[in-house]
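Visitor: The chain contents come next:
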Amino acid sequence: MDALLADLREFLANALPAWRAKWPDQDTWEAKLDWQRTMAEGRWTTATWPEEFGGRGLGTMEMLAIEDVVAQYGAPQIPGMIGVKNVAPTLMRFGNDEQRKSVAKIANTDEFWCQGFSEPGAGSDLASLRTRAVIDGDEFVINGQKVWTSNGMYATHMQLLARTDPDAPKHKGISAIIVPIDTPGLEVRPIKQINGGAEFAEVFFTDVRVPVANLIGPLNEGWNVTMTTLGHERAGVAVFAGRLEQRIRNLVEDVTKSDTQISPIIADELAEFYVESRVLGMMGRQMLAKIAGGVAPGSESSVIKMVWSELSQRVDTTVMELAGIDGITGDANDAKVGYLTARSATIAAGTSDIVKNIIGDRVLGLPRD
Amino acid sequence: MNSSTTSASERADFRASLRDFFTDTSPETRVREVIASDSGIDEAAWRGLATDLGVAGLLIPEEFGGQGMGMGEMAVALEEASRALAVVPLLASGVLAPIAIQLAGDAAVNVEVLPAIADGSEIITVALIDGAGVNTVARDENGWSVYGSKTAVLNARIANRILVVATTPSGTGLFLVDAKASGLVITPQQSLDLTRPTALVTFEGVAATRIGGEYSDALKALNAYGRIAVSAELLGMSEKLMEVSVEYAKTRVQFGKPIGAFQAIKHRCSEMFAHVESMRAAVETSSLVDPADGASLHEQSLVVKAYCARFAPWVAEATIQVHGGIGFTWEHCAHLYLRRVKTDEILFGDALSCRNQLQQLLGLTA
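Going down the list, the protein sequences come from chains A and B. Reading the first sequence from the start, the letters are residues 427 to 795 in our numbering. Reading the second sequence from the start, the letters are residues 2 to 367 in our numbering.
The set of hints was computed from the structure by calculation and includes no laboratory data. Computed from a prediction, not measured in an experiment: that's the story for all the values here. Beta carbons are placed, not taken as given, at the ideal position from N, Cα and C, and that holds for glycine. Watch out, some of these pointers could steer you wrong.
[Stated by the list, open to error] Each computed DSS-like pair below joins lysine-lysine, with the alpha-carbon atoms no more than 30 Å apart: (1) A:Lys-511 <-> A:Lys-448; (2) B:Lys-251 <-> A:Lys-598; (3) B:Lys-251 <-> A:Lys-596; (4) A:Lys-527 <-> A:Lys-598; (5) B:Lys-258 <-> A:Lys-596; (6) B:Lys-251 <-> A:Lys-683; (7) A:Lys-598 <-> B:Lys-258.
[What the hints assert, rightly or not] Which bits of chain B does chain A cover? Going by a derived footprint, with three or more residues having C-beta under 8 Å, they are: (8) 195-208; (9) 355-362.
[Unchecked claim] Incomplete in silico selection of chain A near chain B, CB under 7 Å: (10) Asp-593; (11) Ala-594; (12) Val-678; (13) Ala-693; (14) Met-732; (15) Arg-788; (16) Leu-790.
Model the full assembly from the supplied sequences, consistent with the hints where possible.
Guide: And the structure:
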């Protein structure tokens with residue numbers, strides 16, 4: 427592991443300054459894609475992929491360590507995270523030879539993938555999705571609507587979840603289908619968020635026709651095909667826990683170094699955050715130790731997700747309080763944007779309310795409503 | 002103090018054997034009998050725990066007849082004992098007294114006192130908190146004498162000897178007195194916690210043995226261990242209360258369904274679970290801190306106590322809420338736990354006082 431991370435540090439020490447020099451405005455889409463290509467050439471984004479797909483065949487712990495070092499160097503996140511983390515592993519596992527040709531293109535940004543999951547009527551209750559795919563000869567005919575599609579505006583391809591058997595129980599009648607974004611009848615519109623950004627899209631399907639050969643895995647098995655790979659991402663919450671702990675240490679340090687006088691109430695709030703984030707960090711480290719010991723994490727990921735989302739939201743509220751009048755004038759822009767953005771912490775990837783249902787039902791065995 | 006050297010699976014085995022032990026010796030009916038008898042101790046449970054299982058000597062080095070283990074192992078014992086509401090002087094005589102003595106580093110006293118604690122032949126408690134408006138002092142009058150009073154002294158009535166922290170002409174000292182010594186008066190208090198009676202102890206020139214020298218640094222460390230110990234108790238009780246609440250939510254039917262099917266109840270139970278898991282991570286981590294790393298021990302003890310003292314009472318209160326009317330009755334166990342939880346919340350500083358100390362460590366207040 428040490429040698430691996432030393433390699434990574436050397437790579438970043440060279441590649442990052444070169445990339446920054448090449449792109450004066452690093453916020454542009456082209457600049458971000460270029461960074462992803464650079465990282466892919468070094469096989470750093472694809473470290474957990476098997477070697478036959480251009481990866482390093484490493485485990486979750488190594489990947490988390492890699493991500494930590496990348497964050498320490500202040501490198502930007504790659505834009506094609508969903509393709510690299512979710513779609514490519516799905517294709518490697520369930521795709522046919524033709525479909526697997528996309529894997530390398532996902533790494534080097536020749537293809538840019540989104541996932542068509544959520545719908546206006548299927549958010550936390552994803553399995554109630556209603557977008558239909560009907561087989562007509564050797565084609566699927568797709569009608570319906572997706573929403574909250576991350577990076578939908580930039581995508582070349584979508585991994586779509588659509589209902590292929592409306593009579594089956596809701597988890598059993600769903601299929602995973604590849605849809606090129608330029609297929610006629612498909613329309614993408616950006617969603618402007620409350621924080622002013624537009625990282626998501628709505629996607630409309632009107633008689634969109636794709637070959638039946640675009641089916642990933644067996645027909646009506648789309649739920650399992652998709653959820654199996656999503657499972658790998660759960661370890662990521664342990665990293666979120668560690669980052670929130672560090673963020674609060676930094677916030678406390680900023681406050682103590684600044685001239686701003688803080689009230690005893692704010693000081694106590696910061697101490698509360700410190701306590702809760704330290705405990706969250708301890709939980710995260712225990713979960714990582716478990717994974718490192720080869721034990722699959724159980725309920726920890728749900729608990730950490732719930733605690734992380736509610737705590738990080740409170741922190742942004744206090745940062746806004748600390749900004750005072752500057753928070754509403756925009757002179758403390760980060761506070762304003764952070765406060766607004768934090769509303770999503772308890773919504774994205776399963777609302778806190780639903781996470782509490784999941785813990786109640788699956789961990790505590792309480793009766794379902 | 003030794004550091005903890007057992008593995009997680011060894012501690013899990015230890016927990017399982019303690020769980021069995023308390024299930025046999027300390028069911029709720031037995032706890033209520035002992036409480037009603039006003040004896041202040043379940044003699045059989047204590048004999049089994051202290052002597053047969055050797056838990057009284059867990060923290061005592063082997064050379065003094067103990068098991069030479071650390072807080073990681075003791076935290077497990079504290080969790081299990083408090084989970085069962087066992088009426089035993091484990092915190093006082095098994096944790097605080099051995100640590101207080103070892104921190105003083107007095108070879109002669111180690112030899113004389115620690116073996117008696119380890120084999121359960123003596124119960125020794127620790128008097129830390131001055132009575133209202135009192136400064137307990139010790140004077141050297143051809144031998145030390147203690148004057149003053151201490152409140153909330155755990156298990157004082159059943160103690161053979163009492164360790165007293167007192168102000169000396171030059172600072173702070175640790176003193177050992179005989180519980181039957183002349184000038185020493187023990188007045189039982191109307192303790193909130195029925196399983197662990199406290200007393201006011203007054204000292205009118207009580208002859209005392211001084212242990213070690215200047216004790217202020219040791220007292221700081223003793224308080225840190227105290228915070229971790231009561232946090233382990235808070236974890237054990239919170240976990241039990243969560244289980245009791247979940248079980249009730251599964252079986253109590255109202256409006257035609259088990260109340261656990263209602264999200265208001267379900268979410269309360271899920272939050273209990275999240276707090277219990279958080280407390281577990283905090284207690285396990287802090288109880289395994291290397292005793293040689295004093296700064297880390299101090300800081301982590303404040304973090305764990307600040308967390309447990311805030312959320313264990315929340316869990317205990319939520320338990321009563323989930324149970325509705327039955328939770329407010331004397332016959333239900335919820336109040337026995339609530340009483341002990343609130344007591345542990347206060348001992349060694351409540352959440353606010355721990356956060357105040359953390360604010361100072363972090364530089365948020367002068």
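Visitor: Each hint should be assessed against the structure and marked as holding or not.
Guide: Verification of the hints:
1. For the hint linking Lys-511 of chain A to Lys-448 of chain A, the alpha-carbon distance of about 27 Å falls within 30 Å, and the restraint holds.
2. The hinted pair formed by Lys-251 of chain B and Lys-598 of chain A meets the criterion: a straight-line CA distance of about 29 Å does not exceed 30 Å.
3. For the hint pairing Lys-251 of chain B with Lys-596 of chain A, the CA-to-CA distance comes to about 26 Å; that is within 30 Å, so the pair holds.
4. Taken as a hint, the Lys-527 of chain A and Lys-598 of chain A pair is honoured in the structure, with Cα atoms around 28 Å apart against an allowance of 30 Å.
5. Between Lys-258 of chain B and Lys-596 of chain A the alpha-carbon distance is near 24 Å, which keeps this suggested pair within the 30 Å criterion.
6. Restraint check: the Cα-Cα separation between Lys-251 of chain B and Lys-683 of chain A comes to about 52 Å, which exceeds 30 Å; the hinted pair is violated.
7. Among the hinted pairs, Lys-598 of chain A with Lys-258 of chain B is consistent with the structure: their alpha-carbon atoms are about 28 Å apart, no more than 30 Å.
8. With 0 residues having a Cβ less than 8 Å from any Cβ of chain A, the region 195-208 of chain B misses the three-residue criterion, and the hint is violated.
9. Residue count for the region 355-362 of chain B with a Cβ under 8 Å from a Cβ of chain A: 5. That meets the three needed, and the coverage hint holds.
10. Look at Asp-593 of chain A: its Cβ only gets to about 28 Å from chain B, farther than 7 Å, so that hint breaks.
11. Because the closest C-beta pair between Ala-594 of chain A and chain B is about 26 Å apart, greater than 7 Å, the hint is violated.
12. A least Cβ separation of about 5 Å between Val-678 of chain A and chain B falls short of the 7 Å threshold, and the interface hint therefore holds.
13. With a cut of 7 Å, the hint placing Ala-693 of chain A at the interface with chain B holds, because the nearest CB-to-CB distance is about 5 Å.
14. A cut of 7 Å between beta carbons decides the hint on Met-732 of chain A: the least distance to chain B is about 6 Å, and the hint holds.
15. For Arg-788 of chain A, the suggested interface contact is broken, since its CB lies about 10 Å from the closest CB of chain B, more than 7 Å.
16. The interface hint given for Leu-790 of chain A holds, since its Cβ lies 5 Å from the closest Cβ of chain B, which is under the 7 Å cut-off.
Checked against the numbered hints above, the structure breaks hints 6, 8, 10, 11, 15 and satisfies the rest.
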